[in-house]
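Taken in order, these protein sequences are the chains called A and B.
Those letters in the first sequence? Residues 1 to 491, by our numbering.
Those letters in the second sequence? Residues 1001 to 1491, by our numbering.
There's no promise every hint is true.
[Unchecked claim] Output of the computed footprint for chain A on chain B, the stretches with three or more beta carbons under 8 Å from beta carbons of chain A:
# : region
1 : 1066-1076
2 : 1082-1089
3 : 1356-1369
Derived from the structure by calculation, the hints contain no laboratory data.
Each residue gets a CB set at the ideal place from its N, CA and C atoms; glycine is no exception.
Number of protein chains: 2
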Amino acid sequence: MSKKLTKRSEDYSKWYNELVVKAGLAENSGIRGMMVIKPYGYAIWEKMQAQLDKMFKETGHQNAYFPLLIPKSYFSKEAKHVDGFAKEAAVVTHYRLRTTPDGKGIEVDPSAKLEEELIIRPTSETIIWDTYKRWIQSYRDLPILVNQWANVMRWEMRTRLFLRTAEFLWQEGHTAHATREEAVKEAQQMINVYGDFAENFMAMPVIKGVKSETERFAGAEDTYTIEALMQDGKALQSGTSHFLGQNFAKAFDVKFLSKEGTLEYVWATSWGVSTRLMGALIMTHSDDNGLVLPPKLAPIQVVIIPIYRKDKQRQEISAKVDEIVNKLKARGISVKYDDSDNYKPGWKFNEYELKGVPVRLAIGPRDLENGTVEVARRDTLSKEIVAIENVDEHIDNLLSDIQENLYKKAADYRDAHITKADSFEEFKDILENKGGFIAAHWDGTPETEEKIKELTKATIRCIPLDNPAEEGVDMISGKPSKQRVLFAKAY
Amino acid sequence: MSKKLTKRSEDYSKWYNELVVKAGLAENSGIRGMMVIKPYGYAIWEKMQAQLDKMFKETGHQNAYFPLLIPKSYFSKEAKHVDGFAKEAAVVTHYRLRTTPDGKGIEVDPSAKLEEELIIRPTSETIIWDTYKRWIQSYRDLPILVNQWANVMRWEMRTRLFLRTAEFLWQEGHTAHATREEAVKEAQQMINVYGDFAENFMAMPVIKGVKSETERFAGAEDTYTIEALMQDGKALQSGTSHFLGQNFAKAFDVKFLSKEGTLEYVWATSWGVSTRLMGALIMTHSDDNGLVLPPKLAPIQVVIIPIYRKDKQRQEISAKVDEIVNKLKARGISVKYDDSDNYKPGWKFNEYELKGVPVRLAIGPRDLENGTVEVARRDTLSKEIVAIENVDEHIDNLLSDIQENLYKKAADYRDAHITKADSFEEFKDILENKGGFIAAHWDGTPETEEKIKELTKATIRCIPLDNPAEEGVDMISGKPSKQRVLFAKAY
Chain A
1 MSKKLTKRSE
11 DYSKWYNELV
21 VKAGLAENSG
31 IRGMMVIKPY
41 GYAIWEKMQA
51 QLDKMFKETG
61 HQNAYFPLLI
71 PKSYFSKEAK
81 HVDGFAKEAA
91 VVTHYRLRTT
101 PDGKGIEVDP
111 SAKLEEELII
121 RPTSETIIWD
131 TYKRWIQSYR
141 DLPILVNQWA
151 NVMRWEMRTR
161 LFLRTAEFLW
171 QEGHTAHATR
181 EEAVKEAQQM
191 INVYGDFAEN
201 FMAMPVIKGV
211 KSETERFAGA
221 EDTYTIEALM
231 QDGKALQSGT
241 SHFLGQNFAK
251 AFDVKFLSKE
261 GTLEYVWATS
271 WGVSTRLMGA
281 LIMTHSDDNG
291 LVLPPKLAPI
301 QVVIIPIYRK
311 DKQRQEISAK
321 VDEIVNKLKA
331 RGISVKYDDS
341 DNYKPGWKFN
351 EYELKGVPVR
361 LAIGPRDLEN
371 GTVEVARRDT
381 LSKEIVAIEN
391 VDEHIDNLLS
401 DIQENLYKKA
411 ADYRDAHITK
421 ADSFEEFKDI
431 LENKGGFIAA
441 HWDGTPETEE
451 KIKELTKATI
461 RCIPLDNPAE
471 EGVDMISGKP
481 SKQRVLFAKA
491 Y
Chain B
1001 MSKKLTKRSE
1011 DYSKWYNELV
1021 VKAGLAENSG
1031 IRGMMVIKPY
1041 GYAIWEKMQA
1051 QLDKMFKETG
1061 HQNAYFPLLI
1071 PKSYFSKEAK
1081 HVDGFAKEAA
1091 VVTHYRLRTT
1101 PDGKGIEVDP
1111 SAKLEEELII
1121 RPTSETIIWD
1131 TYKRWIQSYR
1141 DLPILVNQWA
1151 NVMRWEMRTR
1161 LFLRTAEFLW
1171 QEGHTAHATR
1181 EEAVKEAQQM
1191 INVYGDFAEN
1201 FMAMPVIKGV
1211 KSETERFAGA
1221 EDTYTIEALM
1231 QDGKALQSGT
1241 SHFLGQNFAK
1251 AFDVKFLSKE
1261 GTLEYVWATS
1271 WGVSTRLMGA
1281 LIMTHSDDNG
1291 LVLPPKLAPI
1301 QVVIIPIYRK
1311 DKQRQEISAK
1321 VDEIVNKLKA
1331 RGISVKYDDS
1341 DNYKPGWKFN
1351 EYELKGVPVR
1361 LAIGPRDLEN
1371 GTVEVARRDT
1381 LSKEIVAIEN
1391 VDEHIDNLLS
1401 DIQENLYKKA
1411 ADYRDAHITK
1421 ADSFEEFKDI
1431 LENKGGFIAA
1441 HWDGTPETEE
1451 KIKELTKATI
1461 RCIPLDNPAE
1471 EGVDMISGKP
1481 SKQRVLFAKA
1491 Y
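Extracted from the complex, chain A is given alone in its bound form (with noise of 0.2 Å):
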């Protein structure tokens, strides 16, 4: 594999579609908008998943799961809905194909018509609060806090590799409350938990916001949202978390009998994220030599490598690696040890780069003399002789402060790349020559969010949940404003 990747600095764009590919994270199938995700990134995808799913358990949640098809009516129930989600989706409408009349191929049957069109779950809402009135009848059925692991289907004109696909996994919370109250704190206790999983595990910091009206999930009275800046100054929405009100409740007609003994709509949130996640990782981090990966979510924490020419010496290193191995495994570490002769340790070197693996270590004769081994990051590409005797104490120090470090970084990338504009011109500058995200005054209306976003193609992406009050004026409209709002142009 020719490990040359495009430079972010020449396209960032083309530098992603090559390092996603070649890393073997994903590729495109032969299908529209449809990916393969590859055994690697798979296995990143997993950690994530078993991480999140920990902590949705850890916070009250069950996992279920519900039909993948939904009847087109379920979509018409609610109105904002049906405009958000229901329009460019893939739609079953027969279910046989028979054979064509030259026995060669195949053809969709027209007697089997489906009286009502089927549409694949491009989110579950419908098909969920059709399910819960069932479920609830009185407050004892309450709260129901429940998730999904799904695929879902949105046809995307534009596709890009983990950022935007027709076909992605994700997860969607849906949980059903006997009280506003209640709904609220779980929709804001959700986007905790996404803030803390980025910025822990992901070593991702966020801004954890509210969205603008426009900006809101369709259904939604509140979309509260995690925002990520990539390394091109670019903001990447990574999860959401919406209340709901009563919206589905109404929509389905879903009632229950409170313990005062009257009929009450229940209140509901949503929250999902998705292998979107999968793009925020890999920009948050990488650099022109591949991938980099945070240790709590690399797949091969550790990579070790013989550096041998005869026989003999092969074997007598593979004899030391196998302690080295078994320590390591002690503390949890996973590591793999990559003695295959297919590959000189120069290819390997450059593969493990690409790959992310967070730490390398290359052991040879003149190592073994030593009692020593060379120990690499991959995120500062240093290295270092460490000896044998403590190394996996040090990789399990190591480890950590690579974690730190990636985390460090992101977070000091992300802050100076919060910048304030007082005037459109400054804005416009910023946006142009700087990126990132720009706080700027906003009066609060949909109309100058839009001219904004007509103009320079930024949009809102969040209003801080710590935002400072502070008096000042819109740079459009020159109408009062109570707080700056961060914008930024976005995946």
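Add chain B to chain A, keeping to what the hints say.
Relative to the frame of chain A, chain B by itself:
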């Protein structure tokens, strides 16, 4: 929740359906043939998944993910496969909906018709071999040992929760090899993994065997199967592993450069188990009181129920229970303390019995005084009084006992239901009055197999792997036979 289930002896099928719904495992959705897997059912499936996934990884497999939608033409490439799978399938024909002229609903947008229809995967051989063509050039790229956890769809006319649904969840392994021998070995290895899982985790005895040509997977050269026996005397195919020969490599033109420098077609296997295993698990062990779960797959292994009148009693009990819970958790036993006061103890006893929790502890003021606790086991419905002091060790042993006992009970039943038949009269008599597997001679032709099926609905479940040679004559044709094969009515 009313607990009364229909008795198995009254109506086995009705008993099953009621049990699945009342125990909170699954229910029918509003959409034909598609089920909702409820949290408790999904928790069992997750335990199955986790164990199987571990076993797949221990045998060198990695997970990946391939597209949900497969172009129609892919199916036509393998002649037998297209007949077996492409006909009763969900067909996506359009990718957009639009608002109806009256503005009230949505309808398919005729201008958004796909050039080629897409099929929701009924199984993924075609899309995966289309992908492997890109992955495989040389012997260095082999073997490929990949598994996918996914949803699939087959448009079944008669559906039953878990046993036969239009959409179901499964895993499908797809491997590629340089030699026939290696591929055959892989297919055999995986049927052994399935057998190991069924017997040691599901506590479900299975017969490993090979399918007759008629019952083979569409596109396979050999299909290995594990066959279990349900309490109504019907067999249930629980997992299959296929040696696919070079059929898919030829259909998708996948060749590799061998070590010797020749271009060869790749050898293949595929293997899968699905949520159908949930049906097998339920029907193997459960009784007229509800679900019975083997401890190794029970989401809750132990439930503790306090018996009290006054709140002070409850507090004292809870303090003691906390100790027990901690000791059980320290042994890795999953335990639930249900001190909710929404329901009375009697209601809870019934509920957890219905849900198949293997061990129930009940503890009241008298127990506290005596330092004892009542321990009830779900499989035998027997109770005993046990000293609290060593209750954790006692329960640990008890869980192993229950696991073993369930297996033994099922194995005894199964062994008592393998009956030899030497004439067709005898065959029909056993089938009608006793059920189970019938070991009978067969001349090896699809014709007699078909005839027996027509006349009795019984099919050849498998030719056991360890089948002894035995000279005999076919019951129908009178032609010579070299071995008995296993017939049964099947799910």
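Here is what the structure says about each hint:
Judged by the Cβ-Cβ criterion of 8 Å, the region 1066-1076 of chain B is covered by chain A as claimed, because 10 of its residues qualify and three suffice. Against chain A, the region 1082-1089 of chain B contributes 5 residues with a C-beta closer than 8 Å to a partner C-beta. That satisfies the three-residue criterion, and the hint holds. Counting residues of the region 1356-1369 of chain B whose CB falls under 8 Å from any CB of chain A gives 0; the rule of at least 3 is not met.
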